[in-house]
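First to last, the protein sequences are chains A and B. When the letters of the first sequence are read in order and numbered with this note's numbering, they come out as residues 1 to 389. When the letters of the second sequence are read in order and numbered with this note's numbering, they come out as residues 1 to 205.
No lab work stands behind these hints: they were computed from the structure. One or more hints might be untrue.
Said to hold, decoys possible - A short, non-exhaustive set of chain B residues, derived as facing chain A with CB atoms under 10 Å: (1) R17; (2) N35; (3) G42; (4) V54; (5) H56; (6) G57; (7) G63; (8) D66; (9) F77; (10) I102; (11) G114; (12) W116; (13) R117; (14) L120; (15) V163.
Claimed, not checked - Derived Cβ-Cβ restraints for the label pairs, each shown as a range: (16) P65(A) / T136(B): 49 to 57 Å; (17) S181(B) / A386(A): 48 to 56 Å; (18) V70(B) / H385(A): 21 to 29 Å; (19) S135(B) / P369(A): 27 to 35 Å; (20) P44(A) / P14(B): 26 to 34 Å; (21) L42(A) / T136(B): 53 to 61 Å; (22) Q164(B) / R314(A): 25 to 33 Å.
Stated by the list, open to error - Covered stretches of chain B, going by a simulated chain A footprint (3 or more residues, C-beta under 8 Å): (23) 44-51; (24) 142-148.
Predicted model, so just to flag it, every value in this text is computed and none were measured. Heads up, the beta-carbon is just placed ideally off N, CA and C, and yes, glycines get one too.
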Amino acid sequence: MDQTNPATTLSHQHVTFPDGLQLDCGFHLAPVDVAYRTYGTLSPARDNAVLVCHALTGDQYVADPHPLTGKPGWWGRMVGPGLPIDTDRFFVICVNVLGGCMGTTGPRSLRVREDGTEEPWGTDFPAITIRDMVRAQHLLIEHMGIDRLLAVVGGSMGGMQVLEWCATYPQKVFAAMPIATSPFHSAQNIAFNEVSRQAIFADPQWHGGRYWECNEIPARGLAVARMMAHITYLSEAALTRKFGRRVRTSPGRGTAGGPGALFGEMFEVESYLRHQGSTFVRRFDANSYLTITRAMDYFDLGAEHDGDMSRPFRGTRTRFCIISFSSDWLFPTSQARLLARALNQVAANVSFVEIDSDKGHDAFLLDEPDFDRTIRGFLCGAAEHAGIG
Amino acid sequence: MRLDQRLIAGMIRPRTRVLDVGSGDGALLDYLFRNSGCDARGIEIDMREVTRSVAHGLPVMHGDADHDLVHYPDNAFDYVVLQRTLQAVERPREVLRQMLRIGRYAIVSFPNFGHWRLRLQLLLRGRMPMTSVWSTPWYDTPNIHPCTILDFLTLCRDEGYVVQQWMAVDEDGERAPWRRSIRLANLFGEQALFLLRRKDTTPRK
Chain A
1 MDQTNPATTL
11 SHQHVTFPDG
21 LQLDCGFHLA
31 PVDVAYRTYG
41 TLSPARDNAV
51 LVCHALTGDQ
61 YVADPHPLTG
71 KPGWWGRMVG
81 PGLPIDTDRF
91 FVICVNVLGG
101 CMGTTGPRSL
111 RVREDGTEEP
121 WGTDFPAITI
131 RDMVRAQHLL
141 IEHMGIDRLL
151 AVVGGSMGGM
161 QVLEWCATYP
171 QKVFAAMPIA
181 TSPFHSAQNI
191 AFNEVSRQAI
201 FADPQWHGGR
211 YWECNEIPAR
221 GLAVARMMAH
231 ITYLSEAALT
241 RKFGRRVRTS
251 PGRGTAGGPG
261 ALFGEMFEVE
271 SYLRHQGSTF
281 VRRFDANSYL
291 TITRAMDYFD
301 LGAEHDGDMS
311 RPFRGTRTRF
321 CIISFSSDWL
331 FPTSQARLLA
341 RALNQVAANV
351 SFVEIDSDKG
361 HDAFLLDEPD
371 FDRTIRGFLC
381 GAAEHAGIG
Chain B
1 MRLDQRLIAG
11 MIRPRTRVLD
21 VGSGDGALLD
31 YLFRNSGCDA
41 RGIEIDMREV
51 TRSVAHGLPV
61 MHGDADHDLV
71 HYPDNAFDYV
81 VLQRTLQAVE
91 RPREVLRQML
101 RIGRYAIVSF
111 PNFGHWRLRL
121 QLLLRGRMPM
131 TSVWSTPWYD
141 TPNIHPCTIL
151 DFLTLCRDEG
161 YVVQQWMAVD
171 EDGERAPWRR
181 SIRLANLFGE
191 QALFLLRRKD
201 TTPRK
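Given the sequences, and given the hints that come with them, work out the whole structure.
Set out below in structure tokens:
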């Protein structure tokens, strides 16, 4: 096994479901581990649960320090006592997605081969969908004895899970907040994912997906994938504001030194992206990245229902709050509006807010006071309508 | 809540489904939910107001009368409300049609361009009237489709809408005393408030 990577030996709070899951691709995956974190206290009536769904490279450590990086939770500014998703009131659950690499069954999990030996799934891990991720979360929610979630909240790919929850288990979702997301993955988004994947494939240390055999990880490929993807999470305005054309003068640029050298200096934006890439590979598994990006690409709510995006929501009683960000070009407001109109077509209860921000797609993770107010207000309103004090 | 919003709320039966088009700060929605137990939702064009309303726990979506009503199914609501906005939409007739397609009743309020002060100003000064209700110059005004109470009644007749109830309202939203005569209301009413229904629906009791 890979001794260089502490991620593989880490243990996470999880439940094992021996019967596993029937996947959309037809494969029956068993057993299935579902790793999760919870915050706050489940009420005696079990009616105050809020499920937070994480994005592509997120995980269940939404509001406590990441066990690998030691960094604060990815939504620590949103989830906690007195915060917009208030853990004094709500019981917050966050689940590592199926196909992930933080304890839920994924490509790095071991499988038993026919000869009785164990090895990681790697690229043999079955193709999964967003709906499969939601089914795995549903196993856990049922296991916890929760009949109905007060709210399901998530941004980006987390928002796709929110929509899939509403389509697959409509009676179990009282309120839904799809944030910075879309009812389908667009051609542009698939294209970006493909570039990320090709970067991983092109890394000789990927070894056809069996890198654990060589005790290596495709760090360069995965880092390039992350760097490219990270650009799509920002905006031109945000990059200009953060870095402009500033140049780092510190030495240590490596091979090409000396005055006049082509790469003698480094723009700050380059340095930032490299940092993003190198920290990412320490905590994320390349095969998980491949599996999850593919699940996003397959996501198309309309196609799952004969091309009618509103059909999965027919008769829905869920209260929706759709949120987009003005400078998000990865999941633009126009796509959120398509979703809002599909929900209008079935006369669903829909709030729809575009938050004015220049921070791009990542705005949902950053300090946006209007966004915080919207989340807090919508959840309070939902709790009031649900009859929770 | 403005006084004319109280008059509107008085037209809406408890525990009904209401869509408030141009819900502003959400005062009417809040009132209808808390006092009448209505399933009240809003559409608002001003994003700041939308954010404020949603942050208040009210179901409001960003959108406008011209572009968003078409997406709702027939008879999705009991009442569709359009407050002080008809004169500012791109296609008032189409908006009214949509309102009475998706709702059984339409409640419409608009500033009356037939008010005597406007008539007098145009007559005496020969320039576009400016009053406290019509307070922006012609080149800046969002009110691109002003009409009088009589104009509106003619449109309702042509479109086959039944006027279930009407009233003239003064600037502050107080109900004006011109209940008997439409012509007097058209001369002295600063705003008008109508409760309409389609001809094919039965009047409420």
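Now for the hints, and whether the structure bears them out:
1. R17: holds (8 Å)
2. N35: Violated, because the Cβ-Cβ distance from N35(B) to chain A comes to roughly 15 Å (cut-off 10 Å).
3. G42: G42(B) check passes; min Cβ-Cβ to chain A is 9 Å, inside 10 Å.
4. V54: V54(B) check passes; min Cβ-Cβ to chain A is 5 Å, inside 10 Å.
5. H56: The hint holds - H56(B) has a Cβ within 10 Å of chain A, the shortest such distance being about 6 Å.
6. G57: holds (2 Å)
7. G63: Because about 7 Å separates G63(B) from the closest Cβ in chain A, which is inside the 10 Å limit, the hint holds.
8. D66: violated (14 Å)
9. F77: Where the cut-off is 10 Å and the nearest Cβ of chain A is about 8 Å from F77(B), the hint holds.
10. I102: holds (8 Å)
11. G114: violated (35 Å)
12. W116: Since the shortest Cβ distance to chain A is 42 Å, the answer is violated.
13. R117: violated (39 Å)
14. L120: violated (43 Å)
15. V163: violated (26 Å)
16. P65(A) / T136(B): 49 to 57 Å: holds (56 Å)
17. S181(B) / A386(A): 48 to 56 Å: Holds - the Cβ-Cβ distance for S181(B) and A386(A), about 50 Å, lies within 48 to 56 Å.
18. V70(B) / H385(A): 21 to 29 Å: holds (28 Å)
19. S135(B) / P369(A): 27 to 35 Å: Holds, at about 32 Å.
20. P44(A) / P14(B): 26 to 34 Å: Holds: the Cβ-Cβ distance is about 32 Å, inside 26 to 34 Å.
21. L42(A) / T136(B): 53 to 61 Å: About 55 Å separates the Cβ atoms of L42(A) and T136(B), which means 53 to 61 Å holds.
22. Q164(B) / R314(A): 25 to 33 Å: holds (32 Å)
23. 44-51: holds (count 3)
24. 142-148: violated (count 0)
In summary, the structure is inconsistent with hints 2, 8, 11, 12, 13, 14, 15, 24 from the numbered list given earlier, while agreeing with the others.
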